[in-house]
Amino acid sequence: MASFILNGQDMAADVDPAKPILWVVREELGLNGTKFGCGIAQCGACTVHLDGQPVRSCSTPIAEAEGRAITTIEGIAGEEGELTKVQQAWISEQVPQCGYCQSGQIMSATALLRDNPQPTDEDIDVAMSGNICRCGTYTRIRRAIKVAAGIEQPGTEEE
Amino acid sequence: MNYLSPKKKRSGLAKWSRRGFIGAGVLAGGGLLIGIGVRSGNPVDTLAAKVAPGENEQLVNSWVKIDSENIVTAIVPHCEMGQGAHSVLAQMLADELDAAWDQVRVMQAPADGSYVVTDTARMFLAPFTLSAADWIEPTWDGLFTQMARFADAMITGGSSSIRSTGQHQMRVAGAAARQMLKGAAADAWDVPASEIVTRDSTLIHEASGKSAPYSEFASAAAEQPMDQTPKLKSSSEYRLMGKSKARTDIPAKVNGTAEFGIDAVPEGLDLSYAAVVRPPVQDTKVESMDATRAMQMPGVLQILNMGNFVAVVADSYWQAQQAVNVIEIGWSASKSPIKTMDDQFAAFAAALDEAGETGGKEAAAKGDAPGALANATTTIDAEYKAPYLAHAPMEPLNCTALVKDGKCDIWTSTQVPLMARTAVADTVGLTKDDITIHHPYLGGAFGRRLGAEYVSMAARIAKATGYPVKMIWSREEDTQKALYRCADLCRFRAGLDDAGKLVAYDSVFTQRHDPAEASVPAMYGIPNTAVRVAETELHLPFQAWRSVDHSQQGWFIESFIDEAAHAAGKDPLEYRLDMLEDAPRHRAVLEKVAEISEWRKPTGEGIAKGVAIVESFGTIVAEVIEIDMSSGKPRMTNCWAVCDAGYVMNPDGFRNQIEGGIVFGLTAAMYGELELVDGAIKQSNFHDYKMLRMNETPNIEVALINSGDVPIGGAGEPGLPPAAPALTNAIFAATGRRLRELPIAKQFV
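Protein sequence lines, in the order shown, are assigned to chains A and B. Under our numbering, the first sequence has 142 at position 142, and the numbering climbs by one with no breaks. Quick note: to get our numbering, add 1000 to the position in the second sequence (first position is 1).
Read the hints as simulated data drawn from the structure, not as lab findings. Please note: incorrect hints may appear among the correct ones.
Partial selection, computed: residues in chain A whose CB lies under 10 Å from chain B [unchecked claim]:
# : residue
1 : G37
2 : C43
3 : R68
By construction, the Cβ of each residue, glycine as well, lies at the ideal position given by its N, Cα and C atoms.
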């Protein structure tokens, strides 16, 4: 029996302790926002927070979460679903294309800005280069991180 | 003298609309439903025979409905795979309808459904032939003819959603609905329809002070006569078109609620999961299998030998994948003589040798290329090599299927829901009417999900089990056992006159898929041109890959043009401008990219720029890439792109697509390569089939030119083709090294 906190709620799951967090949250707990991309911690689509630190959930067994807090994309917004600054910036900069990698991108960016509220371009490179976006939205992700940090102004809809 | 292809003709909306058939109906609950399409008996019989043989049916391909709450719903026949088509198509419809944008919704047209008469959106093809827009003339022969053979043409591809469905269907549907609403209000208010104005989903008669929401007249509107050629807005009247309206699909993509195929959790079904292993070389089959160990692993329910693949069904995908990894499978011997990439390139070279200087199939011809080559002052030649590439969408291929009681339900990410349905019908022995395809958002596709073999596999598994199964391919299966961008070899010869002007051009290569015009440098006014193809069989199965033939031909052609410029001792951008005398739009694009990239100003130490220009899918794109070679390896610092699509419906969305096309193209140029070991693909996952990442991506600036008065161009693919040649041309500018094969990174170790 694995016991952990998921998005602020105490959880107990009767699963193989070796089963990766990714498949526990998707298959057992019904949270599908965390995505499977590669299975070998190369693409970052499965990024969740474990005690606040970004981890690749496809390669992290649920046993490692014993007694710890897992946060997924579903768990970062406010209680009424109000979006975080990072999520708002993802909308104002119209970042996603297919959107499949963006849960992981947002989880990596959220951890970056919590630890480093005014990141440089190099800081962004270091924090975000583990997350692949096949649609190629990197320049928008960079801008959205700066908008969320208040370094740049959000884009506008009309032109 | 003209090229055989591409043809240049003009046409417009009116030609299509005259032949179009518009139908209206009343929604349950009192609303208006409008569809546009064609039917047998119209002057499109020849086409109907091609795509809907023997069926006397009304074929409908786009819809708008207005409900009693005054919500306008655009029902879109294209899938949403990140290109933003759902949102922009709704924008176009809503503009013609004068709908309030915040009361517009988007609905994915189902692949089957009660309000759709039959194989609804197979008529996605109709607008192409009906309007015969000039951009489609060459393309029709290739990509879409090939697709039409399936007669299930509910397709998202070819950078076509906005320029075809948007221009010819969504706008017409919106304009027709607006006219009918006005007619209904005019009757009720007893005033001339011409005095009624529409604004924000409201009908207004100013003289009498009357106004009403659309919903009030939605039912009555359905009884109104329908103008077959409703007047469409001119660009000066647009309120939503041409504006960067925020995409409607994005909010769900920032909080984890967007549903992709892999997320399917059909209500009331207790899913099991399948992992699969396919043959390392695709013409082989399972000869022997030892699954003893796998069968004993936790959660494993069944192990299926399906002949050309093996599936493990388990309680969890993770368990299934672990079990599949330990099955020992003996595969039959491959009949393919190709074991390595050297073998593949040798086969290409043999075909090119046989074609020689004038042989092969003619793809385009103009003037007398052999004669002009013989008389040229200077001749240059070069051979370029392009590798096989995988699509590698972030969402691995997957499909959930249930086959039960003579019915089949499929949940999957697909670009071709009706083709998938046909494939399933053939596979499980049911009629199409017994099959329902549920197709949510796609986690990327780039052409990969134009193939539906994975859907058939899931259907076979589900038929064998009798219970619902979600099949997921591992990334390794997706990389090694899928469908691919072709490899190719291309040989060029060119002749320059005394002044360095390109007077003769000859190219010969082995792969010609689509679009047909991709290999023809038509925009340059080269007087003598021969483009030839020496067709050669591929070892790996082909699938259209973002920009298709333009992906390799754009690099071949624009690299070689660069070589010609340097042979002539000219600046490569000025050399191109000189050749574009009769192509004012191309010239303007190139001039603009020179301006924003400061091409004509000197660069710093170790910094160099390269340029390329390609017209594809109706859009002209020039790109300049700046690199920093000071470390001895190319580091991309900036990319400037200028695009002329005629008119851009959503500038920010268009720029996002171009940015993505550039990154996709640069990824392939830097890293993209599949190697063969004993006929099987060596690369397996993102550690050895590398993607460009945040720290390697240059700043990208995209500028748009709305030159207008031409059929509009696409967005999804045209950003890609100039990226690779702009980069390799920059490397030449910096180092004097002409890269004639890809990828780049391994050449700078």
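Here's how the hints hold up against the structure:
The closest approach between the C-beta of G37(A) and any C-beta of chain B is roughly 5 Å, which is under the 10 Å cut-off, so the hint is satisfied. Given hint, C43(A) at the interface with chain B, holds; its Cβ is 5 Å from that chain's nearest Cβ, closer than 10 Å. Contact between R68(A) and chain B, as hinted, is not supported at the beta carbon level, the nearest pair being about 20 Å apart and thus beyond 10 Å.
Going through the hint list in order, the structure does not satisfy hint 3, though it satisfies all others.
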